[in-house]
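Each chain, written out:
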Amino acid sequence: MPKTSNVSIASLPLDVIFNSSGYAICAVDSKGRIIYINKSFQNAVKRENLIGQDFDSIFSFEEKDKILKIGDICKSSGTFEREETSFLFDDQRIPMRFSATRSDNGEIKYFIILINLISLKQKESLKLDFVSIVAHELRAYLTSIRGYLSLLREEADKNAFPEQAKTFLERASTSTDSLQTLVENLLTISVFERGSIQLKTQFIEWPSFVEKVADEFAIRAEEKNLKLIFNQPKEKIPKVVVDPFRITEVLSNLLTNAIDFTKPGGGVEVNIKTGNDGVITEVKDTGIGIPGEAIPNLFTRYFKVGSRLAEGSKGTGLGLHISKTIVEMHGGKIWVDSEVDKGSTFSFSLPISKK
Amino acid sequence: MIENRTILIIEDDFFISDMYRLLFMKKGYDVIVAGDGEEGLSKARSTKVDIILLDIMMPKMNGIDVLKALRNDKSSTKDTPVFLLTNLGQENIIKEAFKIGAQGYLMKANLLPQQVVTQVEDYFAEQAKK
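Protein sequences, first through last, are from chains A and B.
Count along the first sequence from 1, then add 168; that gives the number in our numbering.
Count along the second sequence from 1, then add 1; that gives the number in our numbering.
I should point out that these hints are in silico values taken from the structure, not numbers from a laboratory.
Beta carbons are placed, not taken as given, at the ideal position from N, Cα and C, and that holds for glycine.
Heads up, a few of these hints could be off.
Computed spacing ranges between beta-carbons, pair by pair [unchecked claim]:
#1 K49(B) x K501(A): 55 to 63 Å
#2 E122(B) x Y309(A): 24 to 32 Å
#3 K100(B) x D345(A): 32 to 40 Å
#4 G443(A) x L23(B): 52 to 60 Å
#5 P459(A) x D123(B): 44 to 52 Å
#6 F413(A) x F15(B): 27 to 35 Å
#7 K100(B) x G239(A): 55 to 63 Å
#8 Q115(B) x Q400(A): 30 to 38 Å
#9 Y309(A) x L23(B): 15 to 23 Å
#10 I95(B) x S521(A): 25 to 33 Å
#11 K407(A) x E127(B): 30 to 38 Å
#12 E122(B) x P263(A): 53 to 61 Å
#13 T247(A) x D66(B): 52 to 60 Å
Here are some chain A residues pointing at chain B (derived, C-beta under 8 Å) [said to hold, decoys possible]:
#14 H304
#15 L310
#16 T311
#17 S312
#18 G315
#19 Y316
Turn these sequences into a full structure, and let the hints guide you.
Okay, structure coming up:
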């Protein structure tokens with residue numbers, strides 16, 4: 169048990185701990201009578217004189233179509249947990265997580281812990297609404313900024329703008345494109361997290377599909393003096409069932425990263441093979457690599473490797489999180505092997521279609 | 002000489018509509034703009050236009066209602082080609098618009114203004130083949 173200074177947490181009054189937990193907590197004795205409630209519980213149920221009352225006569229829990237009785241739960245041993253039940257009280261049905269823990273300490277038989285799921289879900293939903301609204305607003309302005317920049321670039325070419333002015337324009341355009349990618353990623357994430365995405369899958373001849381995407385990136389690689397090669401697989405690759413639009417996002421993300429994090433003169437290779445996990449696609453670069461300690465967090469939301477890698481790099485780290493989500497929606501896995509200063513290999517698997 | 006094509010741009014974001022207006026004018030189109038749905042509908046009815054670019058989210062009257070009005074009309078606008086100006090996340094609206102009788106849609110955020118012009122030109126080129 170971690171301690172702070174010399175005071176053991178066990179010496180704090182239980183009431184202080186319970187009231188600061190944020191959970192609604194109530195304790196009943198072996199007969200199912202309420203012997204303790206904390207502030208959150210009191211606030212949640214708003215009823216006076218609960219102490220000493222029979223729990224089941226005031227509240228009930230509903231699990232699917234079954235009513236759970238505290239009296240019955242008291243008879244079971246150990247911890248009783250349910251991810252989703254409903255709490256019925258005053259004709260209200262409140263979805264919540266429920267957990268009761270046995271305690272054989274004297275008269276106290278159980279602590280009952282309630283977490284109001286509605287408020288958690290509402291908070292999450294509000295956050296997603298916010299992200300989505302902001303991203304939509306940003307994009308409206310971006311459409312206009314990108315449009316006018318492209319018109320200005322045309323003018324610059326036609327009317328022989330000074331070289332420096334052209335450079336400034338190019339830089340403004342590049343940053344705007346990056347901002348566009350960021351906004352698109354934010355929108356994609358807000359849609360994913362709502363769970364409102366359904367894959368539109370079809371059978372795909374995988375190698376030629378990947379080759380086409382890789383070809384589009386070869387031009388970008390060349391601009392940075394990098395060689396991007398698609399290696400024809402040596403074995404026959406079975407067809408895969410994918411959502412072409414979504415899986416292209418994964419390939420684009422991996423290829424963009426490979427190009428962004430590899431210095432001029434380096435190379436990016438795309439390989440396809442079969443393995444235990446199905447069809448495996450590899451994007452291998454000779455880039456700056458990723459430190460070992462950063463790898464476990466690489467695919468989590470908003471994670472970006474620290475300053476060392478950030479030099480000369482762009483993006484928010486949303487891309488890999490999105491890629492992981494998409495690959496997993498397809499039933500596959502994504503992983504990375506990397507060595508600092510040698511390069512990284514990002515791989516993902518797609519299950520082989522049984523048909 | 003072939004008569005200029007007339008395009009009506011119904012879009013409440015002035016920067017966007019003016020960007021398209023400039024490019025279509027350069028391509029030799031006669032361009033009419035409207036800043037909201039109501040104005041758009043009345044301009045579509047009072048002038049003969051060859052194509053309409055129609056934004057969805059607009060004050061006074063939204064794009065879908067404008068489209069319905071254009072299509073229900075027994076007047077000349079019934080067969081005027083309509084391209085929606087859309088944003089991502091409006092897939093359901095696009096589906097509905099196709100049912101009502103839109104000819105296509107242009108995803109604003111994904112298209113540079115030059116590409117918008119190209120798509121409209123391509124549409125006319127294809128129609129000419131038919």
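Hints and how they fare:
About 59 Å separates the C-beta atoms of K49(B) and K501(A), a value consistent with the hinted range of 55 to 63 Å. For E122(B) paired with Y309(A), a C-beta distance near 27 Å keeps the hint of 24 to 32 Å intact. Distance hint check for K100(B) and D345(A): the Cβ-Cβ separation is about 35 Å, which falls inside the suggested range of 32 to 40 Å. Checked against the given bound of 52 to 60 Å, the beta carbons of G443(A) and L23(B), roughly 54 Å apart, stay inside it.
Between P459(A) and D123(B) the beta carbon distance is about 49 Å. The supplied range of 44 to 52 Å therefore holds. Between F413(A) and F15(B), the C-beta spacing of about 32 Å keeps the proposed range 27 to 35 Å intact. In this structure, K100(B) and G239(A) meet the distance hint of 55 to 63 Å, their C-beta atoms being roughly 58 Å apart. The supplied range of 30 to 38 Å is met by Q115(B) and Q400(A), whose beta-carbon atoms lie about 36 Å from each other.
A hinted range of 15 to 23 Å for the beta carbons of Y309(A) and L23(B) is consistent with their spacing of about 18 Å. In this structure the hint that I95(B) and S521(A) lie 25 to 33 Å apart at CB holds, the actual value being about 30 Å. The beta-carbon spacing between K407(A) and E127(B), approximately 33 Å, falls within the hinted interval of 30 to 38 Å. The hinted range of 53 to 61 Å is satisfied by E122(B) and P263(A), whose Cβ atoms lie roughly 55 Å apart.
Here the CB-CB span from T247(A) to D66(B) is close to 57 Å, well matched to the stated 52 to 60 Å. Hint on H304(A) holds. Least Cβ distance to chain B is approximately 7 Å, under the 8 Å limit. A cut of 8 Å between beta carbons decides the hint on L310(A): the least distance to chain B is about 7 Å, and the hint holds. With a cut of 8 Å, the hint placing T311(A) at the interface with chain B holds, because the nearest CB-to-CB distance is about 5 Å.
Look at S312(A): its Cβ gets to within about 4 Å of chain B, closer than 8 Å, so that hint holds up. The criterion of a C-beta within 8 Å of any C-beta in chain B is met by G315(A), whose closest approach is roughly 5 Å, and the hint holds. At about 6 Å, the closest approach between the beta carbon of Y316(A) and any beta carbon in chain B falls short of 8 Å, and the interface hint on this residue holds.
Violation of the numbered hints given earlier is absent; every hint is satisfied by the structure.
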